[in-house]
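Participant: All chains, please: the whole structure from these sequences, using the hints.
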Amino acid sequence: MIELSNVHKTFGPNRVLRGVNLTIPKATSMVIIGGSGTGKSVALKCVLGLVTPDSGTITLDGQDVTQGDRDAFLARFGMLFQGGALFDSLPVWQNVAFRLLRGSLKRPKDEAREIAVEKLRRVGLKPDVADKFPAELSGGMQKRVGLARAIAAEPEIIFFDEPTTGLDPIMSGVINELIREIVVEMGATAMTITHDMTSVRAIADNVAMLHDGVIKWTGPVADMDASGDPYLDQFIHGRAEGPIEAVR
Amino acid sequence: MMLTAPLAAIGRQVLAALALVGQVTLYAVQTISHLFRPPFYGREFLNALVQIGWLSLPVVGMTTLFTGGALALQIYAGGSRFNAEAVVPSIVAIGMVRELGPVLGGLMVAARVASSIAAEIGTMKVTEQIDALVTLSTHPMKYLTLPRVLAATLAVPVLVGVGDVIGIMGGYLVGISRLGFNPAAYLTNTVDFLETFDVVSGLVKGAAFGFIVALMGCYYGMNSGRGAQGVGRATKSAVVAASILILAANYLLTEVFFSA
Numbered sequence: 001m002i003e004l005s006n007v008h009k010t011f012g013p014n015r016v017l018r019g020v021n022l023t024i025p026k027a028t029s030m031v032i033i034g035g036s037g038t039g040k041s042v043a044l045k046c047v048l049g050l051v052t053p054d055s056g057t058i059t060l061d062g063q064d065v066t067q068g069d070r071d072a073f074l075a076r077f078g079m080l081f082q083g084g085a086l087f088d089s090l091p092v093w094q095n096v097a098f099r100l101l102r103g104s105l106k107r108p109k110d111e112a113r114e115i116a117v118e119k120l121r122r123v124g125l126k127p128d129v130a131d132k133f134p135a136e137l138s139g140g141m142q143k144r145v146g147l148a149r150a151i152a153a154e155p156e157i158i159f160f161d162e163p164t165t166g167l168d169p170i171m172s173g174v175i176n177e178l179i180r181e182i183v184v185e186m187g188a189t190a191m192t193i194t195h196d197m198t199s200v201r202a203i204a205d206n207v208a209m210l211h212d213g214v215i216k217w218t219g220p221v222a223d224m225d226a227s228g229d230p231y232l233d234q235f236i237h238g239r240a241e242g243p244i245e246a247v248r
Numbered sequence: 001m002m003l004t005a006p007l008a009a010i011g012r013q014v015l016a017a018l019a020l021v022g023q024v025t026l027y028a029v030q031t032i033s034h035l036f037r038p039p040f041y042g043r044e045f046l047n048a049l050v051q052i053g054w055l056s057l058p059v060v061g062m063t064t065l066f067t068g069g070a071l072a073l074q075i076y077a078g079g080s081r082f083n084a085e086a087v088v089p090s091i092v093a094i095g096m097v098r099e100l101g102p103v104l105g106g107l108m109v110a111a112r113v114a115s116s117i118a119a120e121i122g123t124m125k126v127t128e129q130i131d132a133l134v135t136l137s138t139h140p141m142k143y144l145t146l147p148r149v150l151a152a153t154l155a156v157p158v159l160v161g162v163g164d165v166i167g168i169m170g171g172y173l174v175g176i177s178r179l180g181f182n183p184a185a186y187l188t189n190t191v192d193f194l195e196t197f198d199v200v201s202g203l204v205k206g207a208a209f210g211f212i213v214a215l216m217g218c219y220y221g222m223n224s225g226r227g228a229q230g231v232g233r234a235t236k237s238a239v240v241a242a243s244i245l246i247l248a249a250n251y252l253l254t255e256v257f258f259s260a
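From first to last, the protein sequence lines stand for chains W and C. Position 218 of the first sequence, counting from 1, maps to 218 under UniProt numbering, and the rest follow consecutively. Position 159 of the second sequence, counting from 1, maps to 159 under UniProt numbering, and the rest follow consecutively.
In short, the hints are calculated from the structure, not lab data. Note that CB positions come from ideal geometry on N, CA and C, so glycine has one too. There is no bait here: all hints are sound.
In the DSBU-like style, the derived pairs of lysine-lysine whose C-alpha atoms are separated by at most 35 Å in a straight line are:
| no. | chain 1 | residue 1 | chain 2 | residue 2 |
| --- | --- | --- | --- | --- |
| 1 | W | Lys-216 | W | Lys-26 |
| 2 | W | Lys-132 | W | Lys-106 |
| 3 | W | Lys-109 | W | Lys-26 |
| 4 | C | Lys-236 | C | Lys-142 |
| 5 | W | Lys-126 | W | Lys-26 |
| 6 | W | Lys-132 | W | Lys-109 |
| 7 | W | Lys-132 | C | Lys-142 |
| 8 | W | Lys-106 | W | Lys-26 |
| 9 | W | Lys-106 | W | Lys-126 |
| 10 | C | Lys-142 | W | Lys-126 |
| 11 | C | Lys-142 | W | Lys-106 |
| 12 | W | Lys-109 | C | Lys-142 |
| 13 | W | Lys-26 | C | Lys-142 |
| 14 | W | Lys-109 | W | Lys-126 |
| 15 | W | Lys-132 | C | Lys-236 |
Beta-carbon label-pair distances, calculated as ranges:
| no. | chain 1 | residue 1 | chain 2 | residue 2 | range |
| --- | --- | --- | --- | --- | --- |
| 16 | C | Arg-178 | W | Lys-132 | 51 to 57 Å |
| 17 | W | Gly-103 | C | Gln-74 | 53 to 59 Å |
| 18 | W | Asp-71 | C | Val-256 | 38 to 44 Å |
Facilitator: And the structure:
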């Protein structure tokens, strides 16, 4: 279980997080929605320790994430970055198998490559992609390689930062299904950031809406349409008029 | 208020400069500390050695070749004013190994390597690749900074050594073809007047310059701002800082080695 309590983060004059409280139960899929620039990615990066919160606590299974062995902590996570964040100096398969080629999860090269090819297949990529370099792939393919990398070491907790942005509707569907599968089959805990409402309905168990640096609404995805929350209603129906200003 | 505004502006600049010195020093100490803490990424180190050392050879070689030639011409012309043309071989050799080899080699490596390191790491920062490294349990200092800094510290002295030889050869070629020196006498003069310490001091300078170049490239890359502009600024700052630090370090090291 991941728990954020009263997390604040400021960048210069910009108060991005103003007391975020959020609980993500084990083996469930939480989707965070909210307008661009509302701090969704920052919240996610705070959990991973990529950004240090100014105040507040974040715990994983009751333990403060800033305490304890950092390598062991990170080994439990997988993350898909918005733009894929593939290493351009390495071929695709070495990107996917990055964690399996070094450190505590290291295994023989052939085995790592086999796993990489299998993970690529799972995200709908052919084996011949394995030896290409990231720069030779389209944006959508890079994203899928990023996804394959995130799941390569079969982590317990996976973060997806806008997993379907830049993908065609069919591929978005494939990725949504895959995320769902990972949560159900692997029993992983997932935290996803997205603007794509189709994606929200496909992958979420719970939804949280971040606005003005706080969680405005959170609850099961089934309750989302009847929430009565004006912010959430405006967002999920994509209305220009409402409490959320269109010009931000 | 009006009167203190310029003072405040100066103060801000001074404080920013001091903060930068502190940050770079801390960064250097951290980099060195990772040398003694595993894991060590051998493949990254070898890759950096090829990129920084081997692939810089043509640039450094060309630079010292032409400089050696020009130096021979200048010393011949200057020396002829007081009938001292015969000093050409020894002055070319001493000038090359003590000063011009390390400094020009270091500056060329700064232009070639500090820029490419800063641009590469800066782009990695901007495209979240550095964050990705962290989430994959890989320390960016260990994976990116240490291999490059170590490779440059070891490779640049070798580059300087090769550059010295090529520079002396440049002087030799000009000496025998244009200035009428006897080839055997030129070489004897070169070797006789050159001391081991001349060469060693130049190589030590090379190691210091290599460290500076890679450190500046990595530091500015890691602290790159957002977007293409941020990476451009990081690259420019890395080259400028590396070049100035090389010249300053050169003066200090010369003071240490050769002051009476």
